[in-house]
Amino acid sequence: GAVVSQHPSRVICKSGTSVKIECRSLDFQATTMFWYRQFPKKSLMLMATSNEGSKATYEQGVEKDKFLINHASLTLSTLTVTSAHPEDSSFYICSATGSGLGNIQYFGAGTRLSVL
Amino acid sequence: GENVEQHPSTLSVQEGDSAVIKCTYSDSASNYFPWYKQELGKRPQLIIDIRSNVGEKKDQRIAVTLNKTAKHFSLHITETQPEDSAVYFCAASRGGNEKLTFGTGTRLTIIP
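So the protein sequences, as listed, match chains A and B.
Read in order, the letters of the first sequence correspond to residues 435 to 550 in the numbering used here.
Read in order, the letters of the second sequence correspond to residues 4 to 115 in the numbering used here.
Derived by calculation from the structure, the hints in this document are not laboratory data.
We put the beta carbon where it would ideally sit given N, CA and C, even for glycine.
Don't take every hint at face value.
Once the Cα atoms are required to be at most 25 Å apart in a straight line, the calculated DSS-like pairs of lysine-lysine come out as [unchecked claim]:
| hint | chain 1 | residue 1 | chain 2 | residue 2 |
| --- | --- | --- | --- | --- |
| 1 | B | Lys25 | B | Lys40 |
| 2 | B | Lys25 | A | Lys475 |
| 3 | B | Lys71 | A | Lys475 |
Quick list of the computed label-pair ranges, beta carbon to beta carbon [said to hold, decoys possible]:
| hint | chain 1 | residue 1 | chain 2 | residue 2 | range |
| --- | --- | --- | --- | --- | --- |
| 4 | B | Ser15 | A | Ile446 | 32 to 40 Å |
| 5 | A | Asn504 | B | Glu82 | 26 to 34 Å |
| 6 | B | Gly44 | A | Val437 | 13 to 21 Å |
| 7 | B | Lys61 | A | Pro520 | 29 to 37 Å |
| 8 | A | Val437 | B | Arg97 | 38 to 46 Å |
| 9 | A | Ser449 | B | Glu18 | 41 to 49 Å |
If we take Cβ atoms under 7 Å as the criterion, some of the chain A residues that face chain B in the derived model are [as the list claims (entries may be wrong)]:
| hint | residue |
| --- | --- |
| 10 | Ser439 |
| 11 | Ile446 |
| 12 | Leu478 |
| 13 | Leu480 |
| 14 | Thr509 |
| 15 | Asn537 |
| 16 | Ala543 |
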């Protein structure tokens with residue numbers, strides 16, 4: 435299957451700082467990428483949908499100024515958590531799909547963010 | 004929007020027995036239904052999917068059934084093995100590059 439790489443896998447930061455998470459499709463062109471947040475023992479909550487070259491579409495209740503998403507190329511999307519606070523601590527996962535992949539979303543390995 | 008319900012939330016099965024997980028969806032326009040397996044701290048991995056033009060699909064010990072009229076679909080795992088222990092998520096979408104709506108997950112434990 436297609437490969438999606440996500441970095442970093444783990445990040446610890448101080449409250450008030452910003453953190454950038456990268457999601458890359460390694461062997462396909464990702465026309466659409468998705469960003470999820472997952473709380474312990476809970477399901478995946480979609481935060482936003484990102485199409486290459488377009489502004490991201492955010493789900494209801496997700497602050498677009500706090501969670502900045504950029505999808506500037508067909509292989510890279512980034513999520514920046516701005517002015518992070520302890521309540522932003524979570525597991526963030528990206529997924530990607532593209533032409534010829536039959537709707538299948540391939541997931542990154544996730545980023546565990548801890549805000550002190 | 005789409006709402007996907009999943010049951011049970013936890014399931015313990017003796018090794019070698021079968022496991023069944025059920026999901027219902029609300030959006031009649033949904034036509035793509037994948038199942039993902041997620042081990043602790045790992046990424047979700049697609050194990051099987053089904054589209055609305057078929058009623059059943061099988062891949063070795065795993066099968067999925069879809070009832071479009073009733074808007075429900077089920078995952079069946081036969082001859083369960085310890086490595087089947089994980090959290091399983093169902094999902095639904097309208098296909099294309101549309102977003103997936105996930106169920107709440109089922110923690111499956113295989114008892115040796």
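Verification of the supplied hints:
no.: 1; hint: B:Lys25 <-> B:Lys40; in the structure: holds, 14 Å
no.: 2; hint: B:Lys25 <-> A:Lys475; in the structure: holds, 19 Å
no.: 3; hint: B:Lys71 <-> A:Lys475; in the structure: violated, 29 Å
no.: 4; hint: B:Ser15 <-> A:Ile446: 32 to 40 Å; in the structure: holds, 35 Å
no.: 5; hint: A:Asn504 <-> B:Glu82: 26 to 34 Å; in the structure: violated, 46 Å
no.: 6; hint: B:Gly44 <-> A:Val437: 13 to 21 Å; in the structure: holds, 19 Å
no.: 7; hint: B:Lys61 <-> A:Pro520: 29 to 37 Å; in the structure: violated, 46 Å
no.: 8; hint: A:Val437 <-> B:Arg97: 38 to 46 Å; in the structure: violated, 26 Å
no.: 9; hint: A:Ser449 <-> B:Glu18: 41 to 49 Å; in the structure: holds, 47 Å
no.: 10; hint: Ser439; in the structure: violated, 11 Å
no.: 11; hint: Ile446; in the structure: violated, 16 Å
no.: 12; hint: Leu478; in the structure: holds, 5 Å
no.: 13; hint: Leu480; in the structure: holds, 6 Å
no.: 14; hint: Thr509; in the structure: violated, 16 Å
no.: 15; hint: Asn537; in the structure: holds, 5 Å
no.: 16; hint: Ala543; in the structure: holds, 5 Å
Hint check: violations occur at hints 3, 5, 7, 8, 10, 11 and 14; the rest are consistent with the structure.
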